[in-house]
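The residues making up each chain are set out below.
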Amino acid sequence: MTADIEPLYDLLARHIDAAGPQMTPLFLAKVALALGHALNDTPRALAIVTACAKNLEG
Amino acid sequence: MRPAGRGPLESLYFTYPHFDAPGPDHDRTRPMQVAIIGAGPVGMVAALELARHGQASLLIDAKDTFNDGSRAICVARASYHILDRLGAVQPFLDKSLPWTTGRSFYRGQQILEFEMPDSADEKFRPMYNLQQQYIEAFLWQAVAREPLIETRWQTELHGIEITGPGATLTLRDPHGDYTLHARYVLAADGARSAVRRLLNLRLTGENYEGRYVIADVRMDHDHPTIRRALFDPACRPGGTVLIHRQPDDIWRIDYQLRDGEDPRDATREDRVRASVAGVLAEIGHRGGWELEWWSIYSANTLALDDYRHGPVIFAGDSAHIVPIFGVRGLNNGLADAQNIGWKLALVLSGRAGAGLLASYTPERRGATLDVFANASKSARFMTPPTPGWALMRDAALSLALRHDWAGALANPRQMAPYSYAQSPISADGAPSLRGPSVGTMLPDKALTKGFLSDRMGPLFTLIWFGKAPTVAHPLLTVIDQPAEGPLARAWAAPEGSAWLIRPDLHVAARWSGACASDILSFLDTILERQA
Numbered sequence: 001m002t003a004d005i006e007p008l009y010d011l012l013a014r015h016i017d018a019a020g021p022q023m024t025p026l027f028l029a030k031v032a033l034a035l036g037h038a039l040n041d042t043p044r045a046l047a048i049v050t051a052c053a054k055n056l057e058g
Numbered sequence: 001m002r003p004a005g006r007g008p009l010e011s012l013y014f015t016y017p018h019f020d021a022p023g024p025d026h027d028r029t030r031p032m033q034v035a036i037i038g039a040g041p042v043g044m045v046a047a048l049e050l051a052r053h054g055q056a057s058l059l060i061d062a063k064d065t066f067n068d069g070s071r072a073i074c075v076a077r078a079s080y081h082i083l084d085r086l087g088a089v090q091p092f093l094d095k096s097l098p099w100t101t102g103r104s105f106y107r108g109q110q111i112l113e114f115e116m117p118d119s120a121d122e123k124f125r126p127m128y129n130l131q132q133q134y135i136e137a138f139l140w141q142a143v144a145r146e147p148l149i150e151t152r153w154q155t156e157l158h159g160i161e162i163t164g165p166g167a168t169l170t171l172r173d174p175h176g177d178y179t180l181h182a183r184y185v186l187a188a189d190g191a192r193s194a195v196r197r198l199l200n201l202r203l204t205g206e207n208y209e210g211r212y213v214i215a216d217v218r219m220d221h222d223h224p225t226i227r228r229a230l231f232d233p234a235c236r237p238g239g240t241v242l243i244h245r246q247p248d249d250i251w252r253i254d255y256q257l258r259d260g261e262d263p264r265d266a267t268r269e270d271r272v273r274a275s276v277a278g279v280l281a282e283i284g285h286r287g288g289w290e291l292e293w294w295s296i297y298s299a300n301t302l303a304l305d306d307y308r309h310g311p312v313i314f315a316g317d318s319a320h321i322v323p324i325f326g327v328r329g330l331n332n333g334l335a336d337a338q339n340i341g342w343k344l345a346l347v348l349s350g351r352a353g354a355g356l357l358a359s360y361t362p363e364r365r366g367a368t369l370d371v372f373a374n375a376s377k378s379a380r381f382m383t384p385p386t387p388g389w390a391l392m393r394d395a396a397l398s399l400a401l402r403h404d405w406a407g408a409l410a411n412p413r414q415m416a417p418y419s420y421a422q423s424p425i426s427a428d429g430a431p432s433l434r435g436p437s438v439g440t441m442l443p444d445k446a447l448t449k450g451f452l453s454d455r456m457g458p459l460f461t462l463i464w465f466g467k468a469p470t471v472a473h474p475l476l477t478v479i480d481q482p483a484e485g486p487l488a489r490a491w492a493a494p495e496g497s498a499w500l501i502r503p504d505l506h507v508a509a510r511w512s513g514a515c516a517s518d519i520l521s522f523l524d525t526i527l528e529r530q531a
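Top line first, the protein sequences correspond to chains A and B. Note that our numbering numbers the first sequence so that position 31 is 31, with each residue one more than the last. Note that our numbering numbers the second sequence so that position 453 is 453, with each residue one more than the last.
FYI, nobody ran anything at the bench for these hints, they're computed from the structure. If a hint is listed, it holds; no wrong ones were tucked in.
Far from chain B, some chain A residues (derived; all Cβ distances over 10 Å): (1) A13; (2) R14; (3) I16; (4) D17; (5) T42; (6) N55; (7) E57.
Facing chain A, according to a computed beta carbon distance under 10 Å, are these residues of chain B, among others: (8) P387; (9) L391; (10) M392; (11) D394; (12) A395; (13) A396; (14) S398; (15) L399; (16) H403; (17) W405; (18) A406.
All values reported here derive from a predicted model rather than from experimental measurement. For glycine and all other residues, C-beta sits at the position ideal for the given N, C-alpha and C.
Could you put together the complete structure from these sequences and hints?
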């Protein structure tokens with residue numbers, strides 16, 4: 001893990017806990033849309049989303 | 001539906017006329033060039049467009065009055081141009097409420113305000129609200145004064161047989177059954193089209209989840225003509241509500257039923273009253289209100305595979321059912337009617353070959369498929385079909401409380417007119433020109449006197465930048481525009497460039513440095529295509 005992604009990792013974990021299991025999907029969906037908007041590169045955002053859909057079997 | 005104690009046509013603000021059937025001695029069986037089944041807005045516009053080009057028609061309707069209820073209420077700019085070309089627009093302008101703005105709210109907080117494109121160069125506003133009874137009444141004024149249109153009310157279609165060049169109709173009125181031959185039959189008889197049923201034709205497509213109740217109320221409510229959309233409001237958690245102002249202090253409340261809510265139950269008068277009261281409380285209406293009319297619908301995208309079946313041509317809801325979110329039901333129906341109207345008039349008068357009619361399905365079914373694509377996006381937002389769509393919709397709405405960019409996802413994508421770029425009768429002789437593309441609707445422009453759209457001839461119009469050469473064709477009006485004038489600047493049109501505009505104001509072709517023979521040969525190609 002690179003140094004600058006760690007604060008994001010920590011913050012997401014804290015907000016997921018604060019949101020609770022019921023609101024976690026909504027929270028993460030908002031995060032994904034907002035990060036995608038900030039990225040301002042639709043093909044790259046789509047590729048990242050597709051990549052994230054892999055290995056979900058846990 | 002109307003409140004208990006009021007008849008189906010007892011409106012708070014509109015008096016339905018009664019139309020008699022033809023008398024017993026009326027000459028019923030005389031063959032007709034065009035029979036139009038359905039005297040609703042689509043049938044009447046088709047008859048008026050045919051008449052505008054000198055072609056007679058017979059309008060047939062089973063009812064003895066107009067359609068009940070306000071139904072379609074949003075009439076788009078392109079439809080006002082259709083009415084304007086028919087010389088019928090004035091009563092519409094006098095009565096309807098123009099609007100440009102929409103506002104969307106999420107849990108009571110505004111997340112989006114959108115403006116539809118408008119400017120002083122446009123003769124008409126982007127949208128007008130007007131109850132369908134008035135739409136039909138104003139069209140009827142024009143139909144009733146047109147000697148080329150015969151209307152038979154209380155006349156029901158019972159059979160249709162395709163016989164050689166044309167079709168034989170079996171009709172029934174209070175005086176009995178009779179048959180009538182028509183060279184062409186226009187089926188403008190709505191979503192439950194008798195013509196479609198009698199020919200065993202089926203609409204194909206999808207039904208979306210989600211049902212809506214539409215209710216009209218009369219109330220003194222101080223709010224401009226702005227479309228309001230309420231997502232997840234306190235009065236209907238998880239649902240969507242739309243509110244539109246109409247003339248005569250009538251307000252349209254449109255609300256989504258919850259999953260599992262029984263439609264029969266939801267359309268009971270007491271339930272409708274309670275739901276409307278909840279919406280009115282939410283928008284801060286404290287005064288009284290009267291319930292006028294209500295109905296229920298679901299969002300479907302259904303269309304015929306071919307709008308033409310030999311001599312029978314389908315237009316409007318008989319050919320396509322679209323979700324209301326894009327306000328394309330009535331508007332696309334009127335565009336169908338105008339499209340087939342001018343083509344049929346040219347074919348029947350021998351000014352074009354029957355092959356011209358082959359462009360009707362690709363152009364107008366193409367417009368329907370375009371609506372489906374946009375409406376599917378709107379429907380997915382208004383009534384998310386799966387948990388995934390629902391979660392992303394909620395995420396977008398939640399973000400939109402603080403971020404304008406997310407509010408744009410809630411934009412209903414209304415009313416962009418369809419382009420006929422792919423039509424068999426479109427041709428782009430100069431793709432590098434920057435002015436209006438082939439297939440698009442003519443963008444209007446304020447000129448020193450009136451608007452560009454006012455200068456268009458009855459059929460085809462050639463707009464030539466610079467000194468136009470002599471281009472003589474019986475169907476063509478030529479107007480020249482100064483090469484350095486305001487229109488040339490707006491379109492970045494170089495001297496010698498030319499645009500050919502169709503009778504329905506779409507761009508048929510464009511050229512740079514064209515000569516008269518190019519234009520005449522293009523006109524001959526599209527008009528003399530053989531079937």
